[in-house]
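A.B. asks: Residues per chain are reported as follows:
2 protein chains.
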Amino acid sequence: MKNKKETIAIDMDGVIADVEAQLIAWYHRDHGILISREDMIGKPEPDAFPNKEVIFEYLQTPGFFRTLPVMPGAIEVVQELMKDYDVYIVTAAMEFPLSLYEKYQWLQEHFPFISWKNIIMCGDKSVIDTDYLIDDHIKNLDFCKGRPIMFNAGHNSNIDHHQRVNTWGEVRTLFNDIRNLSKSEAV
Amino acid sequence: MKNKKETIAIDMDGVIADVEAQLIAWYHRDHGILISREDMIGKPEPDAFPNKEVIFEYLQTPGFFRTLPVMPGAIEVVQELMKDYDVYIVTAAMEFPLSLYEKYQWLQEHFPFISWKNIIMCGDKSVIDTDYLIDDHIKNLDFCKGRPIMFNAGHNSNIDHHQRVNTWGEVRTLFNDIRNLSKSEAV
Chain A
1 MKNKKETIAI DMDGVIADVE AQLIAWYHRD HGILISREDM IGKPEPDAFP
51 NKEVIFEYLQ TPGFFRTLPV MPGAIEVVQE LMKDYDVYIV TAAMEFPLSL
101 YEKYQWLQEH FPFISWKNII MCGDKSVIDT DYLIDDHIKN LDFCKGRPIM
151 FNAGHNSNID HHQRVNTWGE VRTLFNDIRN LSKSEAV
Chain B
1 MKNKKETIAI DMDGVIADVE AQLIAWYHRD HGILISREDM IGKPEPDAFP
51 NKEVIFEYLQ TPGFFRTLPV MPGAIEVVQE LMKDYDVYIV TAAMEFPLSL
101 YEKYQWLQEH FPFISWKNII MCGDKSVIDT DYLIDDHIKN LDFCKGRPIM
151 FNAGHNSNID HHQRVNTWGE VRTLFNDIRN LSKSEAV
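Taken in order, these protein sequences are the chains called A and B. The numbers in my numbering rise by one with no breaks, and the one at position 125 of the first sequence is 125. The numbers in my numbering rise by one with no breaks, and the one at position 131 of the second sequence is 131.
In short, the hints are calculated from the structure, not lab data. Treat the hints loosely; a few may be bogus.
When chains are identical, the list treats them as one kind, so a pair holds in a single copy or across two.
[Claimed, not checked] List time: in silico SDA-like cross-link candidates among lysine to any residue, alpha-carbon distance up to 20 Å:
id : residue 1 : residue 2
1  : Lys-139   : Pro-62
2  : Lys-145   : Arg-29
3  : Lys-145   : Ile-114
4  : Lys-145   : Glu-6
5  : Lys-183   : Gly-73
6  : Lys-4     : Asp-129
7  : Lys-4     : Ala-25
8  : Lys-83    : Glu-102
9  : Lys-183   : Asp-84
10 : Lys-117   : Lys-139
11 : Lys-139   : Phe-96
12 : Lys-4     : Lys-139
13 : Lys-5     : Leu-81
14 : Lys-145   : Leu-34
15 : Lys-4     : Phe-143
16 : Lys-145   : Asp-131
17 : Lys-117   : Phe-143
18 : Lys-4     : Glu-185
19 : Lys-183   : Cys-144
20 : Lys-52    : Lys-83
21 : Lys-117   : Phe-56
22 : Lys-4     : Asp-124
23 : Lys-139   : Phe-49
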């Protein structure tokens, strides 16, 4: 038995916070055009919309990050993982500095059980060293020091060099398998 | 020759931003009592002041982190280090979430040459993996993955299990020595 828990870094946008859903909803509200998740497959998020400038504006709009919907199942599964792992929320917030406090408030609202000690807002994630990284962006997964786990998103749907999880239910199953394997190896 | 530069994580408060100077100045302004740097030796910062509650209030006051004086020499030496190292600013901002954007603005004003990609605002620094950490707090230095370098502060003056630097001039000298040693070993 190891004394120290293994560590998992979990990304926010596109992993525990549903950015695609918010972009679709706001674009429909403002422009009357309903883009589907299927329309977003295989492209960077802004490219899925007729006017991509609007998307860049949304990302700079106060309230955008504060009101993101929670990804289904994320709260329950993160709580389960915290029993066996040290979980860190690691988000590339520095690209949108106005979002820093909004992201903190969002976590306080939806994930109040995560200590401020376990929140990391950064730019580049390459100096973050955890045993696992759950993220939707290959720019982070490709260079992470631990085991990369790619959370499904339209923009990464054509990428096949990382293990993919499509839902938080699949994250739960994967870590159950990892723990069972670890136990059987310890016997 | 290594292709990849070594990495240095540099703390903000007490290292590039002079928190002691701001606390002394604000306390004098509000209470007419001038605490000296000598009074701060060997104690946590709040304990050096007659009314420590005031210090906790300052840390939560809008503008406190935005207006911190720059530590003498920090700007020049950080710029020099960036020629040979990947420098990350790593600050435990999550303890004072209102400071998140203030700290970003402060860096933009005084260290505009540091990319947003190289700024990390966190709680616990234990998952940050860089080759060096320059910090004033042993809670960070004791558990860092790289080589710890302790920047002098009143509160750490009685600690002797880390290499101490007293000024940014001494940081410059130390890294000159490290680079010279590295070159001589490479010959």
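A.B. asks: Any hints from earlier that this structure breaks? Give me their numbers in increasing order, please.
C.D. replies: Those not satisfied are hints 1, 2, 3, 5, 7, 8, 14, 19, 20, 23.
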